[in-house]
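Asker: Sequence order for the protein chains is V, Y and S.
Quick note: the first sequence uses numbering that gives the first Met the number 0, first residue 0, plus one each step.
Quick note: the second sequence uses numbering that gives the first Met the number 0, first residue 0, plus one each step.
Quick note: the third sequence uses numbering that gives the first Met the number 0, first residue 0, plus one each step.
Just so you know, the hints here were simulated from the structure itself, not pulled from any lab data.
Small disclaimer: the values here were computed from a predicted structure and weren't measured.
Hints are not guaranteed to be accurate.
For each label pair, taking beta carbons as the anchor points, the in silico distance ranges come out as [to be verified]: (1) V:Asp306 with Y:Asp475: 53 to 59 Å; (2) Y:Thr503 with V:Asp177: 45 to 51 Å; (3) S:Asn65 with Y:Leu631: 29 to 35 Å; (4) Y:Val55 with V:Lys279: 44 to 50 Å.
The beta carbon of each residue, even a glycine, is placed where N, CA and C say it ideally should be.
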Amino acid sequence: MSTAKHRRRLAVPALAVGAGLLLAACSGNENGQNSLTPRGPAARDIDTLFRLVAGVAAVIGIAVLVATVVVAVRYRQRRDRPDAPRQVHGNTPLEIGWTVVPALILAVLAVPTVRTIFTLAEEPPASERLDVVAVGKQWWWEFQYPRQPRFGIDRRIVTSTELHIPAGVPVNVRMISDNVIHSFWVPELNGKKDVMPGRRNRLTIEADRPGTYLGQCAEYCGLAHADMRFRVIASRPDAFRAWAAGQQRGPNRPWRGEVQQLTAQKYQCVNCHVFDDSSKVALAPNLTHLATRTTFAGGTYALRRADLVRWILDAPSMVPMQSKDCRKPPPATCVGMPSYVRNTPKGQPVMTRRDAEVIADYLLAGR
Amino acid sequence: MTTVQETLPAPRTVGLLLRRPRATTGLWSWLTTVDHKKIGILYGGTALVFFVIAGVEGLLIRLQLAGPNGTVLTAAQYNTMFTMHGTTMVFLVGMPLAVAFGNYFIPLMIGARDVAFPRLNMFGYWVFLLGGLFLYSSFFLGGAPDGGWFGYTPLTSTPLNQGFLPGRGPDFWAVGLIMLGIGSVTSAINFIVTILNLRAPGMTLMRMPLFVWMMLVVAFLTAFAMPPVTAALLMIIFDRNFGTLFFNAAAGGDPLLYQHLFWLFGHPEVYILILPGMGIVSEILPVFSRKPLFGYAVVVFSGIAIGFLGWGVWAHHMFATGLGPVAVSAFGLATMLIAVPTGVKIFNWLGTVWGGSLRLQTPMLFALGFIAMFTLGGLSGVTHSIVPADTQQTDTYYVVAHFHYVLFGGLVFAIFGGLYYWWPKVFGRMLDERLGKLNFWLMLIGFNLTFFPMHILGLQGMPRRTYRYAEGMGWDDLNLLVTLGSFVIAASVATFLVNVALSTRRGAAAGPDPWDGRTLEWSTSSPPPEYNFAAIPRVGARDDFWHRKYTEDAQGRLVPLPAGGADAATATAGSPPGSGHAVGDGHGDGHGIHMPSPSYFPLVMALGLPILGYAAVFKNPWLAIPGLVVLLYGMYAWAIEPATAED
Amino acid sequence: MTDAVIATGAAHLDEHEHTGTGLANTKLGMWVFLASECLFFGGFISAYLLYRGRIVEGPTPREVYNIPFTSVTSFILLMSSLTMVLALAAIQRADDRRFRIWILATALFGLVFIGGQVYEFTEFYQEGLALSTNVFGSSFFVLTGLHGAHVTAGIVWLLSLWAMSTQQKLGAADAERVEVAGLYWHFVDVVWIVIFTVVYLIPT
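Take the sequences, apply the hints, and build the full model.
Answerer: In structure tokens, the structure reads:
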């Protein structure tokens with residue numbers, strides 16, 4: 000078989016497979032978390048730059064692959080060819096060439112790179128932007144909206160897991176942690192930024208259009224790092240104002256009577272949670288307006304009554320926690336939510352299903 | 000070098016309490032040897048065992064991720080698996096395998112009889128083995144490390160009882176790595192002094208085999224990179240156990256300080272890992288192409304350039320931490336710059352193969368595979384240097400793909416090439432060629448099936464270090480493919496182990512020079528005698544051994560010399576003058592050559608370290624005392640023991 | 000400890016002792032080791048410098064440092080380098096008695112330095128500065144403590160050499176061992192000079 004035929008036999012299937020895989024990548028996983036389907040200006044800038052560089056890299060990569068195969072086949076030792084290769088030690092002009100050309104290609108790529116770095120680093124002007132604060136917790140995201148009358152936010156809003164923003168408006172996300180390092184990443188809107196204790200980082204996100212954009216913590220932060228998810232819900236500006244207004248109201252049902260007795264005294268949920276005031280920050284998610292959210296449990300479960308009841312009874316069975324000692328007084332350490340049916344310390348009540356349902360129905364009231 | 004130098008009158012009780020070991024065969028000889036060849040085999044065998052262990056950890060990871068919401072492993076188990084997989088592969092497989100090859104072949108390639116410090120060499124091995132056992136004992140003693148192979152603070156640095164990571168895992172990790180670092184630095188010092196001081200007459204630096212050059216650069220990188228990470232690990236240990244506030248943000252500490260110190264080590268570390276592989280490939284390609292390395296000097300200087308530039312790019316692991324546009328631009332540009340010398344090497348390797356007369360045997364297949372796969376990994380690295388793009392890629396499966404392409408497609412392929420290439424020299428038997436080819440193809444296919452899809456998974460939003468992923472993300476099929484690929488890799492490694500077992504029983508006997516090699520190790524028997532060379536060769540040129548066998552005609556084509564290995568007198572015009580003595584010249588049986596004697600004290604001194612390690616992890620001062628005693632006794636006895644025993 | 004090259008001028012280097020760099024193996028090895036130690040101390044010095052401006056509460060450097068006192072102990076450590084040089088010169092000319100005097104003096108000066116450190120640390124502790132008080136305490140004590148540990152190891156080494164000399168086991172032929180110990184000792188002194196300057200003398 001001639002070498003040319005050999006080459007064709009190998010190269011074509013290889014290229015076809017390669018191209019196929021690449022196409023699959025680009026075409027379209029519509030999972031809401033795909034950096035290759037940018038939905039905001041920052042993500043688009045990044046995607047454009049990436050496709051340019053990846054294209055150059057792919058061409059070079061395929062060229063080297065093909066060259067390796069071609070050389071291996073073409074110069075294979077053959078019985079009908081003399082085994083006396085020329086003992087070449089080098090070729091200075093060639094070596095200079097393949098030093099300078101890659102350097103030039105990289106220099107060219109450096110220009111849009113640095114330009115994009117500085118563009119993305121700019122803070123949007125204060126008069127145009129919405130400010131939010133993202134706090135990385137173990138293992139959930141808290142979002143705070145400081146008072147901004149321009150957006151109908153007349154006092155602080157504290158919520159978790161779902162970050163509502165108005166579409167078409169740049170949002171300045173300032174981020175901090177009070178525990179370990181996390182990373183705020185919503186790929187369809189921007190690259191990621193680490194969230195650290197003692198250091199305030201910021202990131203701009205902006206969605207072109209209303210929609211739901213998924214995000215996830217992207218810095219290993221311990222046991223349930225994989226379950227620390229969130230979503231950005233962009234809506235039309237009037238819908239956003241309506242949402243904000245709703246968040247600033249009191250709870251849909253007054254927090255008193257049996258549910259207050261259960262959450263404040265019997266099971267002491269108030270040690271960590273807040274049920275009736277959406278401006279308060281606490282150790283655990285503010286649940287005042289849980290009913291307006293679509294997911295819970297760090298974004299790992301859709302908000303459905305059955306799962307919520309299961310969670311209230313035994314959260315560690317749904318997301319791993321380090322919470323065996325959470326129902327004990329300090330200095331017992333606690334990361335997460337305890338189970339109310341297992342590992343119950345002496346003197347503490349085991350939660351009944353009925354009690355969990357009462358609490359769940361309060362939380363879901365108005366849904 | 001290695002002749003008798005009695006600098007002290009012989010003490011009456013040699014080494015205080017312990018008589019000098021005398022065994023030259025059997026288990027005891029392996030425990031007390033100071034022969035660089037035996038030590039190389041020990042490093043290699045131990046590292047391969049850890050390779051299989053870390054591979055199993057990888058398979059468990061892949062079983063858990065084969066589908067969404069996997070339940071094969073709990074989150075805690077998974078987090079331990081990826082931590083130990085990374086830690087083991089970097090510190091207990093990658094680095095020791097390079098030291099294995101370096102140990103066995105540096106002295107042979109430079110025409111020396113052993114390394115500069117034979118007992119220190121053995122000490123380094125014991126520290127490696129004991130450090131690895133120490134790290135793995137954590138599984139039974141309070142929890143294996145689960146903070147990632149990089150151990151970011153404050154996740155790993157808060158005290159045990161307030162910890163974000165419960166259990167002693169981070170303590171075992173930090174103490175274990177410090178221990179392993181001590182072993183690495185002693186090896187590095189040994190290699191530097193050996194290469195600079197013990198070269199045979201006529202072997203100038205620019206006549207050294209390229210593998211030796213790469214090991215020299217690697218040794219310097221190791222000696223200078225381990226200290227900053229040792230400092231960082233000590234800070235973690237102090238924060239956890241002595242109440243210091245290095246990474247306590249509320250007190251003004253800065254978790255980012257840890258990342259700077261860690262990556263100041265971490266980036267040179269990746270060059271420590273890959274440069275030996277580049278060296279091995281640079282040895283294989285010329286032999287199996289039957290022509291010299293294309294642009295030897297440029298390849299040497301690229302290696303040195305990479306060694307230097309590698310110190311200036313560490314913060315490219317930190318592009319998402321908020322360093323500011325100026326800093327990230329600077330590090331991004333520096334990272335792009337380092338692609339240039341790397342690319343040069345790839346083109347030089349292709350230039351080596353071009354126009355050659357290729358023998359596509361197993362070592363060559365792995366070397367060619369290295370060129371292709373490492374290039375792909377290098378290119379994904381270039382995409383990482385594009386800072387805005389990296390903010391999407393970092394901490395996702397895209398970067399996992401990148402570093403596996405360079406470390407597996409690169410280093411592991413080169414290691415397997417080196418194993419097949421040098422196995423005959425070390426063990427005197429060939430590995431089976433058909434099984435070798437099967438090994439290669441299974442590994443190439445399995446590797447690409449496993450790691451290519453990860454580029455796509457990362458771009459499609461899948462973060463790394465996650466014990467499970469949700470349904471409906473569109474990641475299921477690719478993850479399943481990846482898992483299947485990982486089992487193909489397992490099959491390829493199993494093929495290698497079968498090949499080893501069969502070769503031990505009935506492998507074909509290898510002569511001194513089965514591949515028609517170019518460098519001095521092929522001028523000795525297989526395996527070489529304890530003293531390596533009956534007479535130290537006089538080196539007249541690069542690839543001196545080759546030039547004793549071949550010369551060139553007027554068109555530069557290869558021409559064999561009559562009666563290969565004959566001395567200079569019968570060489571035709573064109574062969575370099577001063578080509579050395581043939582093997583068999585001088586004292587053929589090595590009579591009258593004094594080699595350094597075996598010793599207990601490297602082992603004794605090394606034993607002190609894990610004892611101290613347990614004392615540190617369990618905060619037990621009572622353990623520290625025997626640990627110190629053993630360490631100091633071993634050190635003192637070693638110091639007063641002469642290098643070579645009286646006959 | 001190894002295949003040492005005899006360093007005295009009287010011995011002649013035959014071809015077996017020829018080294019590629021001209022430096023004996025142990026000496027070259029020690030230089031590489033000391034270079035790596037520079038990066039080790041560099042890590043802790045960087046941490047100290049970074050944290051100097053981030054003290055949240057507790058004593059600050061200006062409040063606790065006693066520069067005159069530390070100057071005296073630093074001077075003593077500096078003098079110990081001088082005695083080390085004299086010790087090496089003595090053994091090179093086979094003057095065992097002088098060697099023992101000077102090496103003992105070096106060790107003793109080192110001990111005085113360590114004693115001064117201990118005193119200084121106790122004073123700081125009584126003024127409210129501990130490892131866990133603030134980042135200054137953490138970085139200061141760890142940096143100077145590690146340096147002190149290196150000095151202590153050096154003192155043990157020097158005293159061992161002294162002991163070997165008293166047992167007639169260390170002669171002019173072993174001058175290189177003393178030289179290598181001297182390299183380590185001088186390094187430890189140089190590191191202190193850097194620490195003293197950067198940590199004590201240069202104000203925030």
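Asker: So, for every hint listed, does it hold in this structure?
Answerer: Now the hints, each set against the structure:
1. V:Asp306 with Y:Asp475: 53 to 59 Å: Violated: the Cβ-Cβ distance is about 22 Å, outside 53 to 59 Å.
2. Y:Thr503 with V:Asp177: 45 to 51 Å: 59 Å, violated
3. S:Asn65 with Y:Leu631: 29 to 35 Å: For Leu631 of chain Y against Asn65 of chain S, whose Cβ atoms are near 34 Å apart, the range 29 to 35 Å holds.
4. Y:Val55 with V:Lys279: 44 to 50 Å: Taking Cβ atoms as reference, Val55 of chain Y and Lys279 of chain V lie about 49 Å apart, which means the hint holds.
Consistency with the previously given hints fails for numbers 1, 2, ordered from lowest to highest.
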